[in-house]
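**Q** Residue numbers (UniProt numbering), protein chains in the order written: chain A, 1 to 416; chain B, 1 to 225.
Hints may contain errors.
Said to hold, decoys possible - Cβ pair distances, simulated, as ranges:
| hint | chain 1 | residue 1 | chain 2 | residue 2 | range |
| --- | --- | --- | --- | --- | --- |
| 1 | B | R18 | A | P274 | 48 to 56 Å |
| 2 | A | V208 | B | L128 | 36 to 44 Å |
| 3 | A | V208 | B | R124 | 56 to 64 Å |
Said to hold, decoys possible - Straight-line alpha carbon distances no greater than 25 Å define the calculated BS3-like cross-link-like pairs of lysine-lysine that follow:
| hint | chain 1 | residue 1 | chain 2 | residue 2 |
| --- | --- | --- | --- | --- |
| 4 | A | K244 | A | K61 |
| 5 | A | K61 | A | K144 |
| 6 | A | K144 | A | K37 |
| 7 | B | K144 | A | K37 |
| 8 | A | K324 | A | K65 |
| 9 | A | K37 | B | K132 |
| 10 | B | K29 | B | K14 |
| 11 | A | K75 | A | K65 |
| 12 | B | K29 | A | K37 |
In case anyone wonders, no lab produced these hints; they're calculated from the structure.
None of the values given here were measured: they were computed from a predicted structure.
Where a beta carbon is used, it is the ideal one built from N, C-alpha and C, also for glycine.
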Amino acid sequence: MDLTDVLIALLVVLAGFGLWLTGTALTIWGERRVVAKMQTRIGPNRVGPLGILQTLADGIKLFFKEDITPEAADKFTYYVAPMLSAVVAMLTFAVIPFGGTFEVGDREVTMQIWDPEIGLLWVLAMSSLSVYGIALGGWASGSKYPLLGGVRSSAQMISYELAMGLGLAAVFIWTGTLQVSEIVEAQSGTFFGFLPAWNIGPQIFAFVLFFVAAVAETQRPPFDLPEAEGELVAGFVTEYSGAKFAMFFLGEFMQMVTMSAVTVTVFFGGPNGPLFGLEGTLLGALLAHFYFLIKTVAFVFVFIWLRGTLPRFTYNRLMDLGWKVFLPLGLLWVMLTAAIVVAQETLAQDELLFGIGVVLAVLIALLLVSMLFERRGPEPEDEDAEPTDQSALPSAAETAREAAERRGAKQIEVDV
Amino acid sequence: MFNALRKGFGLTAKTMFRPAVTTEYPDVKRQVQPRFHGRHVLNRYPDGLEKCIGCELCAWACPADAIWVEGADNTPGARYSPGERYGAIYQINYLRCIFCGLCIEACPTRSLTMTHEYELSADRREDLIFTKDQLLAPLPEGAKPPPHTDEEVRARGITYYPGAQSQDPLATKEHSEETAAHRAMLDPALMQLSDVEYNHVERDRNIWTEYEEPQGELSDSEEGS
Ligand code: SF4
Ligand code: SF4
Numbered sequence: 001m002d003l004t005d006v007l008i009a010l011l012v013v014l015a016g017f018g019l020w021l022t023g024t025a026l027t028i029w030g031e032r033r034v035v036a037k038m039q040t041r042i043g044p045n046r047v048g049p050l051g052i053l054q055t056l057a058d059g060i061k062l063f064f065k066e067d068i069t070p071e072a073a074d075k076f077t078y079y080v081a082p083m084l085s086a087v088v089a090m091l092t093f094a095v096i097p098f099g100g101t102f103e104v105g106d107r108e109v110t111m112q113i114w115d116p117e118i119g120l121l122w123v124l125a126m127s128s129l130s131v132y133g134i135a136l137g138g139w140a141s142g143s144k145y146p147l148l149g150g151v152r153s154s155a156q157m158i159s160y161e162l163a164m165g166l167g168l169a170a171v172f173i174w175t176g177t178l179q180v181s182e183i184v185e186a187q188s189g190t191f192f193g194f195l196p197a198w199n200i201g202p203q204i205f206a207f208v209l210f211f212v213a214a215v216a217e218t219q220r221p222p223f224d225l226p227e228a229e230g231e232l233v234a235g236f237v238t239e240y241s242g243a244k245f246a247m248f249f250l251g252e253f254m255q256m257v258t259m260s261a262v263t264v265t266v267f268f269g270g271p272n273g274p275l276f277g278l279e280g281t282l283l284g285a286l287l288a289h290f291y292f293l294i295k296t297v298a299f300v301f302v303f304i305w306l307r308g309t310l311p312r313f314t315y316n317r318l319m320d321l322g323w324k325v326f327l328p329l330g331l332l333w334v335m336l337t338a339a340i341v342v343a344q345e346t347l348a349q350d351e352l353l354f355g356i357g358v359v360l361a362v363l364i365a366l367l368l369v370s371m372l373f374e375r376r377g378p379e380p381e382d383e384d385a386e387p388t389d390q391s392a393l394p395s396a397a398e399t400a401r402e403a404a405e406r407r408g409a410k411q412i413e414v415d416v
Numbered sequence: 001m002f003n004a005l006r007k008g009f010g011l012t013a014k015t016m017f018r019p020a021v022t023t024e025y026p027d028v029k030r031q032v033q034p035r036f037h038g039r040h041v042l043n044r045y046p047d048g049l050e051k052c053i054g055c056e057l058c059a060w061a062c063p064a065d066a067i068w069v070e071g072a073d074n075t076p077g078a079r080y081s082p083g084e085r086y087g088a089i090y091q092i093n094y095l096r097c098i099f100c101g102l103c104i105e106a107c108p109t110r111s112l113t114m115t116h117e118y119e120l121s122a123d124r125r126e127d128l129i130f131t132k133d134q135l136l137a138p139l140p141e142g143a144k145p146p147p148h149t150d151e152e153v154r155a156r157g158i159t160y161y162p163g164a165q166s167q168d169p170l171a172t173k174e175h176s177e178e179t180a181a182h183r184a185m186l187d188p189a190l191m192q193l194s195d196v197e198y199n200h201v202e203r204d205r206n207i208w209t210e211y212e213e214p215q216g217e218l219s220d221s222e223e224g225s
């Protein structure tokens with residue numbers, strides 16, 4: 001390890017950091033533009049072309065706003081908390097490969113800041129640390145609303161942490177490694193010769209699990225209950241103002257970018273893509289970088305699309321979804337993945353085929369049985385349903401007329 | 001469930017390609033409806049005399065108590081309005097006004113009408129109390145600012161009010177010579193009309209255009225959009 005190595009490492013870190021920061025700034029702007037478009041508005045268009053400098057202007061404004069620190073606040077924690085979420089988002093990004101590999105002299109440079117063997121664990125650890133920002137922020141404000149808001153938000157994030165962990169665990173079991181570079185490596189190549197062999201294929205359920213959990217984890221709509229301005233007086237940020245307030249929400253956007261990058265890396269092959277024989281050159285690395293960007297931007301767009309479409313969840317539904325749906329399903333999926341992997345590794349070809357045949361036979365049998373039940377099922381239900389059918393009921397006017405006739409009264413004019 | 005999701009996400013996706021409905025307000029101004037209630041204006045006759053006769057009916061009609069009028073007598077040497085009195089002090093407090101238009105309904109001379117100007121804001125409260133000089137319409141072309149003398153006014157041979165509106169719609173030609181001068185002053189083109197037609201025109205004028213006409217600057221600012 002000599003000076004050149006250090007320099008190269010430094011450059012890679014700078015590139016990653018710069019990409020991540022500009023990405024965040026553009027995401028904030030893009031979200032406002034895209035959501036505006038979805039609501040037939042225009043969105044920011046005052047500062048710079050298409051309002052692209054709006055984020056900068058907002059940042060400047062927030063930094064010069066009056067900044068109030070409550071008397072009762074625990075000063076140190078109060079100041080540290082907003083930075084936490086931003087810092088951990090950045091640390092997560094450190095293990096993401098954001099470009100390809102190329103050779104400088106006899107060195108191989110990978111566009112990835114750090115590639116530890118515990119890559120996926122690192123992602124999980126960092127995303128769980130972001131809970132601290134919120135819990136501490138709520139606690140350090142020295143006021144009850146933020147405290148309650150903080151506890152509530154932590155509960156949400158922890159619930160989804162589990163689902164997220166299970167999603168990643170399934171991938172971990174499937175690829176047999178925690179190292180991010182190897183996970184990306186495992187996704188190169190194709191299925192059936194034309195489909196890219198990304199984890200999204202075999203691990204589609206883990207992907208859904210992970211992505212929904214990531215949305216909840218970053219406190220993005222429809223799971224943006226922590227900030228719930230209307231019903232909670234902004235929850236854990238009640239006592240935050242100016243730049244510190246901005247930091248919290250900057251953190252949210254940074255996490256959104258990071259989570260998109262993680263999703264792309266784990267499920268969509270990261271910077272993989274056709275390189276047209278440019279492997280190992282700088283151009284090839286840039287091309288890979290371009291693939292990575294495109295995929296990440298697509299996911300950021302999905303985040304924004306969710307926000308533009310879905311209304312906010314209520315808290316009980318949020319909790320139900322996390323604990324009663326995602327947790328059991330996630331566990332099942334992990335077990336299933338493990339079973340498949342073990343079967344692949346231990347059984348011989350013909351045994352495997354036999355096993356698949358048995359599973360298929362059982363499935364078909366189940367299907368037939370369920371069809372039989374369905375055939376028989378609806379009939380008694382139909383008889384029950386008949387009287388409650390509104391159209392079958394005599395109309396109010398008819399009932400009145402009949403009643404009148406029964407009483408022997410002269411015919412009454414009933415206006416319907 | 002999937003159908004619902006498809007519908008919801010499809011809707012937002014589709015909407016992205018629709019043109020925005022936003023009006024970029026300070027840059028682009030929309031034309032308001034003809035009867036929009038903007039800030040008031042105190043109109044003048046074409047020769048420059050004020051229409052306001054200081055009757056205070058507008059102030060009485062105002063539910064928000066936003067108008068303050070004090071009338072004073074016209075003298076033969078100093079005439080501000082036709083008739084006995086004129087509005088010597090006239091103020092409207094736009095912090096109270098709710099733009100209901102009851103005052104303009106109450107005004108017997110159609111002195112008080114409303115413009116299309118809606119950009120009313122100020123840094124100080126006092127600036128939102130508009131005084132008579134702010135509310136008065138600009139002088140018509142070629143007119144002399146009041147006070148006029150009675151002699152001047154008599155020489156014009158105009159019956160200001162009751163004006164054309166109070167004429168019998170079936171009045172004969174001979175009958176209406178008196179208003180001819182008045183008519184000529186308003187618009188020579190109206191001379192060609194019969195009396196009945198003229199009365200219609202005059203009524204519409206009063207309702208639609210008369211109060212917009214005198215304010216060259218105001219209507220400029222509206223159309224500047
Ligand atoms: S518009 Fe209504 S509130 Fe305003 S001054 Fe006239 S009567 Fe009063
Ligand atoms: S504006 Fe009209 S109602 Fe008000 S004092 Fe003048 S003439 Fe009377």
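**Q** Evaluate each hint against the coordinates.
**A** Do the hints match the structure? See the list:
no. : hint                           : result
1   : B:R18 with A:P274: 48 to 56 Å  : violated (35 Å)
2   : A:V208 with B:L128: 36 to 44 Å : violated (59 Å)
3   : A:V208 with B:R124: 56 to 64 Å : holds (60 Å)
4   : A:K244 with A:K61              : holds (12 Å)
5   : A:K61 with A:K144              : violated (28 Å)
6   : A:K144 with A:K37              : violated (38 Å)
7   : B:K144 with A:K37              : violated (56 Å)
8   : A:K324 with A:K65              : violated (43 Å)
9   : A:K37 with B:K132              : violated (47 Å)
10  : B:K29 with B:K14               : violated (28 Å)
11  : A:K75 with A:K65               : holds (19 Å)
12  : B:K29 with A:K37               : holds (22 Å)
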